[in-house]
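Asks: Read off the chains here:
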Amino acid sequence: MLSEIREGKTLPQVVKNITQEKINIYAEASGDFNPIHIDESFAAQTPLGGTIAHGMLILAYVSEMMVQAFGQNWASGGKLSVRFKMPAYPGDTVTVSGQIDSTEHRDDVLYINCSVGCCNQKDETIVSGGAIVKLRWQKGLFNA
Amino acid sequence: MADKGRREASVSYEELVAGDEFPPVSYELSATLVSKYIEAADCSTDENVPPLAIGACAMTAMSGSLSLPGGVIHASQEFEFFKLVPIGATVSCQSRVARKITRSSMDMLVLELDVFNEDKEKVQSGKATIVLPAKGTNA
Numbered sequence: 011m012l013s014e015i016r017e018g019k020t021l022p023q024v025v026k027n028i029t030q031e032k033i034n035i036y037a038e039a040s041g042d043f044n045p046i047h048i049d050e051s052f053a054a055q056t057p058l059g060g061t062i063a064h065g066m067l068i069l070a071y072v073s074e075m076m077v078q079a080f081g082q083n084w085a086s087g088g089k090l091s092v093r094f095k096m097p098a099y100p101g102d103t104v105t106v107s108g109q110i111d112s113t114e115h116r117d118d119v120l121y122i123n124c125s126v127g128c129c130n131q132k133d134e135t136i137v138s139g140g141a142i143v144k145l146r147w148q149k150g151l152f153n154a
Numbered sequence: 003m004a005d006k007g008r009r010e011a012s013v014s015y016e017e018l019v020a021g022d023e024f025p026p027v028s029y030e031l032s033a034t035l036v037s038k039y040i041e042a043a044d045c046s047t048d049e050n051v052p053p054l055a056i057g058a059c060a061m062t063a064m065s066g067s068l069s070l071p072g073g074v075i076h077a078s079q080e081f082e083f084f085k086l087v088p089i090g091a092t093v094s095c096q097s098r099v100a101r102k103i104t105r106s107s108m109d110m111l112v113l114e115l116d117v118f119n120e121d122k123e124k125v126q127s128g129k130a131t132i133v134l135p136a137k138g139t140n141a
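Protein chains in written order, with our numbering: chain H, 11 to 154; chain F, 3 to 141.
It is possible that part of the hints are untrue.
Pairs of lysine-lysine residues, derived as BS3-like cross-links and limited to a Cα-Cα distance of at most 30 Å, are as follows [to be verified]:
id: 1; chain 1: H; residue 1: Lys132; chain 2: F; residue 2: Lys124
id: 2; chain 1: H; residue 1: Lys89; chain 2: F; residue 2: Lys38
id: 3; chain 1: F; residue 1: Lys122; chain 2: H; residue 2: Lys32
id: 4; chain 1: F; residue 1: Lys85; chain 2: F; residue 2: Lys129
id: 5; chain 1: H; residue 1: Lys144; chain 2: F; residue 2: Lys38
id: 6; chain 1: H; residue 1: Lys32; chain 2: F; residue 2: Lys38
id: 7; chain 1: F; residue 1: Lys129; chain 2: H; residue 2: Lys19
id: 8; chain 1: F; residue 1: Lys38; chain 2: H; residue 2: Lys95
id: 9; chain 1: H; residue 1: Lys89; chain 2: F; residue 2: Lys129
No lab work stands behind these hints, which were simulated from the structure alone.
Could you build all of it, start to finish, from the sequences and the hints given here?
Replies: Spelled out as structure tokens, the structure:
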């Protein structure tokens with residue numbers, strides 16, 4: 011959990027290496043066997059040029075960052091809205107980052123507005139968007 | 003099938019219309035399934051199911067009602083989480099076609115879903131925009 015909640019506070023980065031093996035395991039776990047993810051010969055014939063990671067796998071990494079920052083508040087009161095800007099390929103290193111943009115205290119609830127994003131090792135944006143976390147207000151607990 | 007129709011069988015993009023609802027799907031978020039997800043997503047959890055695991059299963063359940071070509075990709079995604087879901091719980095997913103966008107070079111679908119626990123409480127909602135392969139190519 012973050013030690014303090016304030017505007018500008020960065021969220022703990024999450025760094026993951028994408029491999030075809032991880033993509034295959036994710037396909038098994040999620041049941042998403044779209045050939046663009048797992049069939050290298052199929053994917054090679056598409057404009058993407060090769061297999062790509064599931065978008066939901068990349069979002070799992072975003073969610074991991076939010077859990078690290080906000081604990082169970084994320085899973086019980088979180089909101090995520092993202093756009094996929096480009097695919098993540100096997101061999102890519104994905105860095106998930108974010109920061110608190112603003113906070114709002116309303117009806118004993120603290121709304122924490124964050125920007126979130128994922129970049130590859132070339133610093134190209136893969137995912138960008140925003141997240142909101144709702145925390146029950148506890149006086150003195152946060153520097154909001 | 004008319005708008006707001008209930009889709010009982012796997013249907014193609016051409017057959018879908020905005021407002022179509024897919025049959026509700028129930029599934030157990032078993033310890034085995036969650037364990038497999040945690041390994042795949044390289045994450046950890048407590049006694050609750052990672053929210054994205056619920057979303058991923060819901061998306062897969064929804065896609066079971068669709069017959070789409072290989073090469074479909076994700077353009078955007080929204081999720082809202084309302085309640086924790088313990089490992090071993092059974093949830094049900096209701097999904098529908100919110101928008102169908104047909105362009106000369108590209109087709110897109112906006113799909114919405116709601117996930118409920120056994121007490122009929124909404125635990126999660128989502129909205130996915132997916133892009134179908136460009137016409138005349140694999141993707």
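Asks: Which numbered hints are broken by the structure, listed smallest first?
Replies: Of the numbered hints given earlier, those the structure breaks are 1, 3, listed in rising order.
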